[in-house]
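Protein chains: 2
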Amino acid sequence: MKQAPDRKSGGGTAMKEDGRRRVVLENLKPEIDGGRFPIKRVIGERVVVTADIFADGHDSISARLLYQGPGEKKWREAPMALIENDLWKGEFVVEEAGVHHYTVEGWVNHFKTWQRDLKKRWEAGPDVKVDLLIGAGQISETSKRASMEDQKELVNFAEMLKGRRDIEKAVSMALSEELAELMNRYPDRRFAVPYGKRLGVVVDRDKALFSAWYEIFPRSLSAKAGRHGTFRDCERILREIAGMGFDVLYLPPIHPIGRANRKGKNNTLELKPDDVGSPWAVGSKEGGHQAIHPDLGTMEDFERLVEKARQAGLEIAMDLAFQCSPDHPYVKEHPGWFRWRPDGTAQYAENPPKKYQDILPLNFETEDWQDLWEELKRVVLFWVEKGVRIFRVDNPHTKPFSFWEWLVGEIKRPFPEVLFLSEAFTRPKVMYRLAKVGFTQSYTYFTWRSTKRELIDYLTELTQTEAGEYFRPNFWPNTPDILPEHLQYGGRPAFMIRLVLAATLSSNYGIYGPAFELCVHEALPGREEYLDSEKYEIKQWNRDIPGNLKDFITRVNRTRRENPALQKTVNLRFYEVSNETLLFYGKATDDLSNILFVVVNLDPFHTRSGWVHVPIHELGINPNQPYLVHDLLSDDKYIWQGERNYVELNPQVLPANIFRVRKRLKKETDFDYFL
Amino acid sequence: MKQAPDRKSGGGTAMKEDGRRRVVLENLKPEIDGGRFPIKRVIGERVVVTADIFADGHDSISARLLYQGPGEKKWREAPMALIENDLWKGEFVVEEAGVHHYTVEGWVNHFKTWQRDLKKRWEAGPDVKVDLLIGAGQISETSKRASMEDQKELVNFAEMLKGRRDIEKAVSMALSEELAELMNRYPDRRFAVPYGKRLGVVVDRDKALFSAWYEIFPRSLSAKAGRHGTFRDCERILREIAGMGFDVLYLPPIHPIGRANRKGKNNTLELKPDDVGSPWAVGSKEGGHQAIHPDLGTMEDFERLVEKARQAGLEIAMDLAFQCSPDHPYVKEHPGWFRWRPDGTAQYAENPPKKYQDILPLNFETEDWQDLWEELKRVVLFWVEKGVRIFRVDNPHTKPFSFWEWLVGEIKRPFPEVLFLSEAFTRPKVMYRLAKVGFTQSYTYFTWRSTKRELIDYLTELTQTEAGEYFRPNFWPNTPDILPEHLQYGGRPAFMIRLVLAATLSSNYGIYGPAFELCVHEALPGREEYLDSEKYEIKQWNRDIPGNLKDFITRVNRTRRENPALQKTVNLRFYEVSNETLLFYGKATDDLSNILFVVVNLDPFHTRSGWVHVPIHELGINPNQPYLVHDLLSDDKYIWQGERNYVELNPQVLPANIFRVRKRLKKETDFDYFL
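Chains as they are written, first to last, in the working numbering: chain X, 22 to 696; chain U, 22 to 696.
Check the hints yourself; a few may be wrong.
Since the list can't tell identical chains apart, any single copy or any two copies may satisfy a pair.
Claimed, not checked - 35 Å max Cα-Cα, derived DSBU-like pairs, lysine-lysine:
| id | residue 1 | residue 2 |
| --- | --- | --- |
| 1 | Lys589 | Lys450 |
| 2 | Lys218 | Lys329 |
| 3 | Lys376 | Lys141 |
| 4 | Lys658 | Lys560 |
| 5 | Lys286 | Lys589 |
| 6 | Lys133 | Lys375 |
| 7 | Lys50 | Lys450 |
| 8 | Lys589 | Lys407 |
| 9 | Lys110 | Lys218 |
| 10 | Lys110 | Lys450 |
| 11 | Lys133 | Lys450 |
| 12 | Lys353 | Lys150 |
| 13 | Lys329 | Lys183 |
| 14 | Lys190 | Lys571 |
| 15 | Lys183 | Lys353 |
| 16 | Lys150 | Lys398 |
| 17 | Lys173 | Lys150 |
| 18 | Lys329 | Lys376 |
No wet-lab data here; the hints were simulated from the structure.
The whole structure should be built from the sequences, with the hints applied where relevant.
Structure representation (structure tokens):
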């Protein structure tokens with residue numbers, strides 16, 4: 022009569038292995054797409070797991086959270102506790118990089134039931150003699166599983182419950198914490214019910230969650246006008262970039278650039294002899310994705326740059342642009358990796374009617390897809406061997422999701438410290454899917470979200486929904502591809518506004534280099550493209566011209582580094598402020614030891630003021646006692662009290678405040694924060 | 022290099038069967054608990070399926086919905102169409118009882134991509150000759166899979182696209198609907214991606230969704246005072262119950278009642294010799310769950326009652342109370358099915374400090390659980406063989422969920438017409454789980470939801486969330502166990518209010534017989550228990566005393582039968598009305614051919630009035646044109662116009678209106694509804 026479990030949806034079940042397993046577990050969170058994808062954490066973060074756990078009838082139940090570090094075979098365990106309405110909760114902390122797993126299990130706890138009921142019976146009347154015998158039986162049974170020492174104690178308890186003439190004393194022993202704890206060491210889990218799914222947590226190093234990126238074109242770094250910059254030139258600015266508070270230096274592709282169909286300045290088809298082409302047109306007869314552009318330097322120069330950057334506190338992020346110029350070596354060596362047209366030409370990238378003749382997409386539907394995948398993996402491993410640990414992936418949404426899932430998995434298994442940033446500006450579900458299949462961080466719509474409503478809606482989606490478990494935003498106010506409208510017309514205050522928003526709303530953010538700090542705002546007419554874009558030509562930047570934002574950026578980045586509340590994203594909460602152009606939000610650490618409030622004037626032209634609504638009750642601030650808020654941007658201090666407080670921001674001076682809240686310390690005499 | 026798929030969450034994937042499968046499918050709805058449980062429908066209902074379906078890049082995709090009837094091996098298919106934002110939708114209709122299945126699949130459609138791009142290219146310039154050749158190639162490939170006739174046509178198309186000098190004509194042929202349709206018959210599904218889960222739909226007969234229950238104690242039906250009523254007595258009232266519009270006659274347990282520890286009147290321990298005991302104390306030496314109480318009649322009488330009821334338009338619903346009186350034959354025959362205390366007595370039911378000494382629960386943790394399960398299945402099949410097709414299950418939440426999932430599956434596989442009503446008044450997740458594991462209908466919290474806010478919140482949860490897919494509410498204003506407070510003090514109007522609410526909010530509802538229509542409202546002091554409850558004694562009802570609600574109930578049930586909008590539950594929508602004691606809601610059929618609005622005065626004491634907000638735009642009503650609303654309870658008619666209209670309800674006269682809306686018909690001259 023015993024049959025294997027059969028849980029075809031709707032077919033009912035066959036009689037199961039053991040019908041005595043009475044607990045059910047459902048609605049476990051976090052669980053992405055039914056456990057198909059892992060959640061993400063960095064080292065030291067908590068994983069809080071909740072689930073609905075219950076059984077038929079009135080018996081008490083118990084549950085535990087099981088978890089495993091990378092490569093561990095045995096489960097560790099953490100207790101789960103009932104919160105309310107059959108919802109249970111437990112948590113664990115992840116302590117190393119790599120893939121962790123978790124699951125839960127629950128069981129009917131007859132001893133807990135017995136203690137609970139004995140208490141009620143005893144309160145109702147003295148006739149509990151038989152009940153004490155029942156408990157003694159359970160204790161005896163349990164003692165058989167116990168350690169020698171505990172066994173002795175348990176047997177003692179059982180004897181005392183059975184033999185006792187003084188019922189009152191027996192009941193008090195039966196209900197004692199001591200007995201409960203002893204019994205709890207040897208729960209009867211014969212009929213424990215496993216949740217049945219092993220759920221993943223990809224654990225990254227800290228930088229996955231907290232990073233400040235600076236994008237720069239090395240070829241524009243020559244000290245001498247008109248000359249092609251080199252990795253050596255790049256070395257000269259490392260201290261300066263790091264000094265501004267950035268920790269990732271992202272370089273557009275550093276490979277040889279194709280000559281066939283090369284684009285001229287401003288993306289035109291008329292090429293001049295000295296036009297350098299777009300770095301994203303990867304590959305020429307000098308080499309492909311594993312080669313270095315001869316004008317930038319040698320492989321040794323690159324490795325030296327990686328090392329010098331490291332010494333300066335910067336990591337080099339490499340661009341992975343899996344596409345080829347028409348004279349990339351792959352085109353001859355692996356014609357099968359491209360699509361060919363009936364006229365014998367290779368199919369270039371196109372989004373009709375737009376044509377990108379200097380770029381051939383790889384054909385992931387090739388019969389040789391396995392060779393193609395393996396080759397691309399070799400490319401990544403090649404750069405990992407050169408010391409690169411961060412990859413910014415160009416247009417990942419034009420390559421199959423299954424390829425990325427495989428590739429990221431293959432790389433992170435031996436190198437869990439490698440981070441991948443997805444540069445997909447496309448439809449929302451596509452962007453989320455890329456994060457699910459493994460990308461560490463993701464570009465976002467922040468670049469185009471500028472009104473109060475837009476920012477609140479988008480950030481609420483990113484931080485207060487399931488997306489917060491697997492999608493780590495990286496906010497970019499600009500990129501070489503995008504000079505958004507508000508930066509074109511808003512002047513220097515607009516750049517400051519967007520920087521503060523990016524750097525405080527999201528713990529990961531980045532800027533496209535000199536063009537941002539110099540407030541470059543000239544676009545092609547009616548477009549979001551930079552005029553004379555650096556993508557197609559060498560620029561000469563004077564990074565020290567008056568009005569540059571270096572000091573401001575430095576201050577913002579220092580604030581980020583000194584305040585752990587800004588080093589997470591999902592802790593963001595918006596609060597009310599009585600002005601539609603002011604945005605008011607806060608971040609705090611779990612233990613409330615670091616609490617920040619940010620007010621941003623979204624209007625770059627006019628002074629705006631309003632009353633903020635400080636959530637003092639959430640923060641444990643006494644409504645009758647003043648507290649100090651310290652603006653870390655201006656260094657001004659204000660004494661606030663209660664919920665409503667006044668703010669006023671002149672964008673020409675400073676369009677934002679980042680207030681650090683200093684609560685009254687425990688000692689009544691401790692007024693040091695008023696100094 | 023080929024490896025089996027490996028999708029351990031977070032471990033990345035191994036290289037999959039075929040990396041060329043580029044489509045992803047996610048967020049499929051409806052899908053209960055990741056496909057663990059089926060959704061529910063009745064014959065003739067639609068299953069609308071949505072899913073997020075997309076691929077990398079810019080290629081067009083196609084998707085189809087696959088479904089199977091009971092026992093079908095091959096999938097039928099229905100088209101899916103893109104709604105917006107990568108969300109696709111398809112639907113099918115279920116046409117027989119039994120378990121159906123559905124799933125979806127998607128694929129990259131290169132021909133659709135080609136047609137879409139050709140159109141754009143052609144609009145941008147005349148240079149599409151090579152593109153036409155590419156299309157011709159796709160058509161040739163496809164022709165190899167086509168029927169002889171279609172093959173000829175496709176080859177013709179390919180030739181014309183290749184050979185054509187007149188590019189304009191060739192393009193117009195290439196973009197023709199005719200070609201698109203022809204190609205669509207032979208899609209290239211080599212790399213189609215299946216969703217991967219086969220999801221269930223339990224399809225029931227209509228009564229699962231639309232039923233009116235009447236509960237009665239046959240032993241109270243004797244024409245002669247003091248005598249025990251019989252099945253023959255029961256036959257006499259069948260026409261009357263059916264005439265009131267009920268279609269299910271539910272009888273409390275009809276088995277022999279235990280004598281051991283039998284409870285006296287009002288659930289007391291002092292038993293008088295003529296006390297009849299609670300029918301839920303099942304079993305005595307006369308027999309158990311397959312026997313009939315000797316005072317009710319014989320098995321032949323019961324079968325005759327089932328048949329007579331059927332002839333009157335009523336189905337008998339049987340009570341399944343899987344518990345035993347201490348003198349049930351099981352106790353001696355299967356002592357292992359009960360818990361025994363150290364003093365040698367069987368453990369009776371208890372919820373400390375409450376004791377139910379006349380009832381022994383079955384021990385589902387017995388070593389003999391398999392025999393126990395099989396025996397209980399035999400009980401159900403026994404009554405199925407006697408003609409019973411509806412079971413009201415007593416306290417299912419005190420037996421394991423896995424048992425119910427198995428039992429309901431075992432019974433419904435050969436007898437898909439059998440319906441199970443779950444009488445679980447317990448915690449919300451437990452009640453939902455019972456519905457998930459297979460119960461056809463469920464008791465609810467409606468009995469205690471009486472304020473406007475409570476009703477809107479609860480009904481919104483039942484109808485506008487996923488619960489609507491598997492939990493079919495059955496609303497009971499009262500039961501032999503529950504005389505809710507509002508019926509104790511609200512008088513006859515309160516009974517009318519609760520009847521209209523139950524019968525129009527939910528398409529399944531029921532009342533506990535004479536006590537309801539006679540407005541019995543005397544309770545044990547401070548409790549929700551009936552005074553002199555029929556559970557413990559034989560009652561003598563005069564069902565025709567003045568003030569009885571028979572006519573009113575008849576009218577409400579007729580309205581339900583004549584208006585298909587009231588025969589579903591998830592179509593419920595609440596609308597605004599400017600009075601906190603008035604509730605305003607509507608139901609309509611999918612095609613809007615039947616539209617009803619209900620206004621209920623929740624205050625049983627005072628006349629209340631207000632302005633309802635009619636959703637004329639949803640219903641296609643012209644704001645400038647009057648429309649007729651016909652109150653099916655009073656037969657009054659009103660001419661309304663626009664959104665705001667006045668209502669006034671005197672609970673002493675009629676505490677509710679059920680308006681049928683008659684829209685202006687299409688012909689301008691058609692004013693018949695004004696007559």
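Query raised in the report: For lysine 190 vs lysine 571, is the C-alpha pair at or below 35 Å within one copy, between two copies, both, or neither?
Result: For lysine 190 and lysine 571, the Cα distance exceeds 35 Å both inside one copy (76 Å) and across copies (61 Å).
Query raised in the report: Quick one: lysine 50 to lysine 450, C-alpha cut-off 35 Å, is that within a copy, between copies, both, or neither?
Result: This pair counts as both: shortest intra-copy Cα distance 20 Å, inter-copy 16 Å.
Query raised in the report: Quick one: lysine 589 to lysine 450, C-alpha cut-off 35 Å, is that within a copy, between copies, both, or neither?
Result: Cα proximity of lysine 589 and lysine 450: in one copy and across copies (23 Å, 34 Å).
Query raised in the report: Is it within, between, both or neither when you check lysine 133 against lysine 450 at 35 Å Cα-Cα?
Result: Close across copies (22 Å), not inside one copy (46 Å); limit 35 Å.
Query - Alpha-carbon proximity context of lysine 376 and lysine 141, limit 35 Å - result: Close across copies (12 Å), not inside one copy (79 Å); limit 35 Å.
Query raised in the report: Is it within a copy, between copies, both, or neither that the alpha carbon of lysine 286 lies no farther than 35 Å from that of lysine 589?
Result: neither (40 Å within a copy, 66 Å between copies)
**Report entry** Alpha-carbon proximity context of lysine 110 and lysine 450, limit 35 Å
**Finding:** Intra 30 Å, inter 16 Å, cutoff 35 Å: intra and inter.
Requested in this report: Up to 35 Å between alpha-carbons, please classify lysine 133 paired with lysine 375: within, between, both or neither.
Outcome: Between copies only: 19 Å across chains, 70 Å inside a chain, cut-off 35 Å.
Report task. Go through the copies and call it for lysine 218 and lysine 329: within, between, both or neither, with a Cα cutoff of 35 Å. Result -> neither (45 Å within a copy, 52 Å between copies)
Query raised in the report: Using 35 Å as the alpha-carbon threshold, which applies to lysine 353 and lysine 150: within, between, both, or neither?
Result: For lysine 353 and lysine 150, the Cα distance is within 35 Å only across copies (25 Å; inside one copy 90 Å).
Report task. Give the relationship of lysine 110 and lysine 218 under a CA distance limit of 35 Å: within one copy only, between copies only, both, or neither. Result -> This pair counts as both: shortest intra-copy Cα distance 17 Å, inter-copy 29 Å.
Query - Up to 35 Å CA-CA - lysine 560 versus lysine 658, copy category - result: neither (42 Å within a copy, 80 Å between copies)
The structure fails to meet hints 2, 4, 5, 13, 14, 16 and 18 from the earlier list, while all remaining hints are met.
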